[in-house]
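Undergrad: Use these hints to put chain B onto chain A, whose structure you have.
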Amino acid sequence: MLKEIWNSSYLLFILTKREVSARYRGTILGVIWSLLNPLLLFFTYYLVFDFIFSPKWAKVEPYALFLVSGLFPWLWLSSSLVDAAESLTRNAELVKKSNFPISVLPVMYVLSHMFHFLLALSLTYAIFIVFSLLGYLRFSPSLFLIPIPIMVQLIITVPLAISVALLQVFFKDVKDILVNLLNVLFFLSPILYPLDQSIFGSHKWVYVIISSNPFSYLFSIYHFVFFENFVNLKYIVLLVVTFVILSYAVAFVLYSKLSKVVVEVV
Amino acid sequence: MKIALEVRKVSKEYFYSHARLKAGNLKNLLLGRYRDCNARKEVLKKISFDLEWGSSIGIIGNNGSGKSTLLKIVGGILSPTDGYVRSYGKVVTLVDLGTGFHPEVSGRENILIASAILGLKRREVENKMEDIVKFAELDDFIDLPVKYYSAGMYLRLGFAIAVFSSPDILLVDEVLAVGDEYFQQKCIEHLERFIYEGKSLLFVSHSLDLVERLADKVLWLDSGEIKMFGEPRKVIDSYRSSAHCRYAKVENRKATATPNEQLRWGNRKAEIVSIKLFSEGKESYTLLVPTDAKVVAKVRSNEKLVDFVFGIAIRNSKGIEVWGSNTHLLSFRPLKFTGEGEVEITLKDLRLVEGRYFVDFAIHSKNGVAYDYWKEAVTFGVVNKERAVGVYVPKNSWRFEGGIEFEVANKSRG
Chain A
1 MLKEIWNSSY
11 LLFILTKREV
21 SARYRGTILG
31 VIWSLLNPLL
41 LFFTYYLVFD
51 FIFSPKWAKV
61 EPYALFLVSG
71 LFPWLWLSSS
81 LVDAAESLTR
91 NAELVKKSNF
101 PISVLPVMYV
111 LSHMFHFLLA
121 LSLTYAIFIV
131 FSLLGYLRFS
141 PSLFLIPIPI
151 MVQLIITVPL
161 AISVALLQVF
171 FKDVKDILVN
181 LLNVLFFLSP
191 ILYPLDQSIF
201 GSHKWVYVII
211 SSNPFSYLFS
221 IYHFVFFENF
231 VNLKYIVLLV
241 VTFVILSYAV
251 AFVLYSKLSK
261 VVVEVV
Chain B
1001 MKIALEVRKV
1011 SKEYFYSHAR
1021 LKAGNLKNLL
1031 LGRYRDCNAR
1041 KEVLKKISFD
1051 LEWGSSIGII
1061 GNNGSGKSTL
1071 LKIVGGILSP
1081 TDGYVRSYGK
1091 VVTLVDLGTG
1101 FHPEVSGREN
1111 ILIASAILGL
1121 KRREVENKME
1131 DIVKFAELDD
1141 FIDLPVKYYS
1151 AGMYLRLGFA
1161 IAVFSSPDIL
1171 LVDEVLAVGD
1181 EYFQQKCIEH
1191 LERFIYEGKS
1201 LLFVSHSLDL
1211 VERLADKVLW
1221 LDSGEIKMFG
1231 EPRKVIDSYR
1241 SSAHCRYAKV
1251 ENRKATATPN
1261 EQLRWGNRKA
1271 EIVSIKLFSE
1281 GKESYTLLVP
1291 TDAKVVAKVR
1301 SNEKLVDFVF
1311 GIAIRNSKGI
1321 EVWGSNTHLL
1331 SFRPLKFTGE
1341 GEVEITLKDL
1351 RLVEGRYFVD
1361 FAIHSKNGVA
1371 YDYWKEAVTF
1381 GVVNKERAVG
1391 VYVPKNSWRF
1401 EGGIEFEVAN
1411 KSRG
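For the record, the sequence lines run as chains A and B.
In terms of this note's numbering, the first sequence has 192 at position 192, counting the first letter as 1, and numbering is strictly consecutive.
To convert, count from 1 in the second sequence and add 1000; that's this note's numbering.
No lab work stands behind these hints, which were simulated from the structure alone.
Each hint should be verified, as a subset may be incorrect.
[Said to hold, decoys possible] 27 Å max Cα-Cα, derived DSS-like pairs, lysine-lysine: (1) A:K96 - B:K1009; (2) B:K1186 - B:K1227; (3) A:K17 - B:K1134; (4) B:K1304 - B:K1276; (5) B:K1121 - A:K260; (6) B:K1336 - A:K17.
Quick caveat, the model's predicted, so the values are computed rather than measured.
Isolated chain A, as found in the complex:
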């Protein structure tokens, strides 16, 4: 499966490029939309959460920056998976009528959303710099560690994307399950709030639920990169590695069982 992706890396590159460029084809602003959209999001959150009501756990000024540091990775993850789920059924012609390496399709969506994410991320950095120049934030060396959570997220998203894409071909319910699961997961992940035991007060069980969500640690790493705190590094490595291994195991099994049959069913 990984070999198939590696062998068609040029194809993957070119398809990703097409996906990205086709998205903004015909628009006047083109790829600027990928910057404008997160910028608008940021200012909306800034207005709402820093002026109208600020959450009790908002240790960071501005809270909106904390929010988008987890939200943009989340958007990358969720939209990748939703698009990947339909990647094989939507490109059925391609799968049925050419010798197409099928694992390339879900990965293509992961990469094209990664492109949009990277633009949003650079915007986050720009905002961070602006606010640290204004004296709100302390510039920390951990900011240079950003490639780590990006790589971790990429490594985790690829097998998940392939798995949902393969399953979707056989069970049309997969996409609906996925969308609902993602809705729930959004609130059960430390995006609106940090992964910090103290904010849950006496409701320890909530913390247990949230910390058993494997994605929680991914967002903790992003938070760590930007704000150095809210993180319990001890568990993270172990848990992330376990999660990665598990998701690859699932993807490999599904791929070896289903990839040959996909062509006939899709």
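TA: Relative to chain A, chain B alone:
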């Protein structure tokens, strides 16, 4: 000759879609209901053949005989349930022209993508870009999004990409039938040169003329099995007569079992009891022309008639009357017609163009009152070795003088 492609005992079973439908929602999956729906259909049964370098094989057969499945298995798109395919060169499959074209991006970008799908590297594509554009004759359009392309342009681009992706073995599924005559000709010539250069071609087509022109051998698939494999002429002839037989049978049954009132009328003072077609001494509805044929009509009069005309007409599938005549036109003066009788019409040296024909037969009065007028009373097929268009093939010969030369165009086909 060296072998380019080996197909050995390839079988394919499809697990049918209602099994999928049942398993297709999670509830059934969780309840384990998918287990009991194991409907399957064997679409290919132990197919074996070799394709040699510098030669081509055409696959023919009725719809649903497994042609496309076979091609997809050879191309590696589908995997066989049993058996194997071994190829000794780069295989490129052309199942549908323009597969994977993205409507929003330009022709040039689509060339890059489609070539990458066919496994080309960036440098290779860049070298070939101009050739592809030139072959597809798209110079003015290549930088426009392909959604503005006409169907023909789409097709030309698709074909150009496939043939310039430097395949050693090209698999083509019924894509040449589309496009205008000119481009079709260009493609065929390109394929002929491709074979001449020592590459190999395996293709599926319903156009028997094309198969005859392009194939060195023909494989006739019938419900997943090889019915015949060998010399194009022989295989195509057998296929044609079987197809026509099948058609004639269906048509005859329809005509005699439930005589269509729209096609038969008259006051039945006299009746046609039956009509049969004979060729070379036996009843036959497929004529290998040139040949003699005999139409035999059993007739009966229900009262004593002194005014009667027997008429016959042959029409082709386009409705054009090939020939019509009757006893009045031939100046046979009727005397009497009572009880049963038989009309026998012999057609000598019938030289019709290949195709399907209908015989109308009628008994009527001199001034045209129909006793029994039966349109399409008999259907028959004509198989003609000589290729021609129109309705009638006269004995013909061609001679050239002066500075005209032809290569005798028969690739060991006789």
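Undergrad: Regarding the pair K1121 (chain B) and K260 (chain A), is the alpha-carbon distance no greater than 27 Å?
TA: 25 Å, holds
Undergrad: Does K1304 (chain B) pair with K1276 (chain B) here, judged by a C-alpha cut-off of 27 Å?
TA: Satisfied, since the Cα-Cα distance of roughly 25 Å is no more than 27 Å.
Undergrad: Check the hint pairing K1186 (chain B) with K1227 (chain B) against an upper bound of 27 Å on the C-alpha distance.
TA: 32 Å, violated
Undergrad: For a C-alpha distance cap of 27 Å, please report whether K96 (chain A) and K1009 (chain B) respect it.
TA: Since the Cα atoms of K96 (chain A) and K1009 (chain B) sit roughly 23 Å apart, the hinted pair holds (cutoff 27 Å).
Undergrad: Is the straight-line distance between the alpha-carbon of K17 (chain A) and that of K1134 (chain B) 27 Å or less?
TA: 25 Å, holds
Undergrad: Keeping to a limit of 27 Å between CA atoms, is the pair of K1336 (chain B) and K17 (chain A) held or broken?
TA: 88 Å, violated
The structure is inconsistent with the numbered hints 2, 6, although it conforms to all the rest.
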